[in-house]
Structures are given as C-alpha cells and as structure tokens.
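Peer 1: Sequence:
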Amino acid sequence: VQLQASGGGLVQPGGSLRLACAASGSIFQINLMGWYRQAPGKQRELVADLGSGGITNYADSVKGRFTISRDNGGNTVYLQMNSLKPEDTAVYYCHLAQRGYGTWGQGTQVTVSS
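Just so you know, the numbering used here puts the end of the sequence shown at 360, numbered straight through with nothing missing.
Please note: incorrect hints may appear among the correct ones.
What the hints assert, rightly or not - With a Cα cut of at most 30 Å, we get these calculated BS3-like pairs of lysine-lysine:
no., residue 1, residue 2
1, K288, K309
2, K331, K309
3, K288, K331
Don't read these hints as lab results, they were simulated from the structure.
Please build the complete structure, drawing on both the sequences and the hints.
Peer 2: The structure is reproduced here in structure tokens:
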C-alpha cells in the first residue's frame, strides 16, 4: 500500500487549502483514512478521519473549519481546510488503517503566515 499526499503550501491566515491523499495497492473495502499533523516540537495529532462507512471524526481545534471527504472510489481522501490559523501550521500526514495495519503517507507542509 502506498499513500501519495499533495496540496500543502503557504497561505495567509483566513485562507484555504485542500489536501489530497491517494491510496494505491491492496486497499480493502473496510478501512479508515485520516489526516494527522505534527507541528515543530509537538506530538503528531489526529486532525480528522473518515471510515469507509462514512463516519467522520474531527479534532476539536478544527471542527467547523476543516472537512474530510473521500472520492466515489474511496481510495482518495481530501481535507478541505478553511479559515486557516497560524496554529494550523504543521506537516500533515495521511494515514490508512485496515485489517489491523496502518500505513503513513509522506508529509506535506502547511504553513499559515502573513
């Protein structure tokens, strides 16, 4: 299984970015895809995840601002980030959990700064 993340960049406070993560390889029908982030000097934390059944889960810090979704095929997960704040600055990682195994994608840098 491989995860390819894209969409990071530099944005001003209040701006928006959309991250995408495409999964390839042996993807099972029942799985959980999500986004984590890690800021300098901090532990990696869950941002949002979305199960194959459609249930979403968000960190309190991003509720109402970020939206996680999947494409119709289910193998690409998106993270729409609106009203970005400087504290959202971090490396964002996508993650796939299935059948007891987890796979990480490469990180993509998101920087929110004026």
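Peer 1: Against each hint, give a clear statement of whether it holds in the structure.
Peer 2: Checked hints:
1. K288 to K309: Distance ~20 Å between K288 and K309 Cα, so the pair holds.
2. K331 to K309: 13 Å, holds
3. K288 to K331: 17 Å, holds
Comparing the model with each earlier hint shows no violations; every hint is respected.
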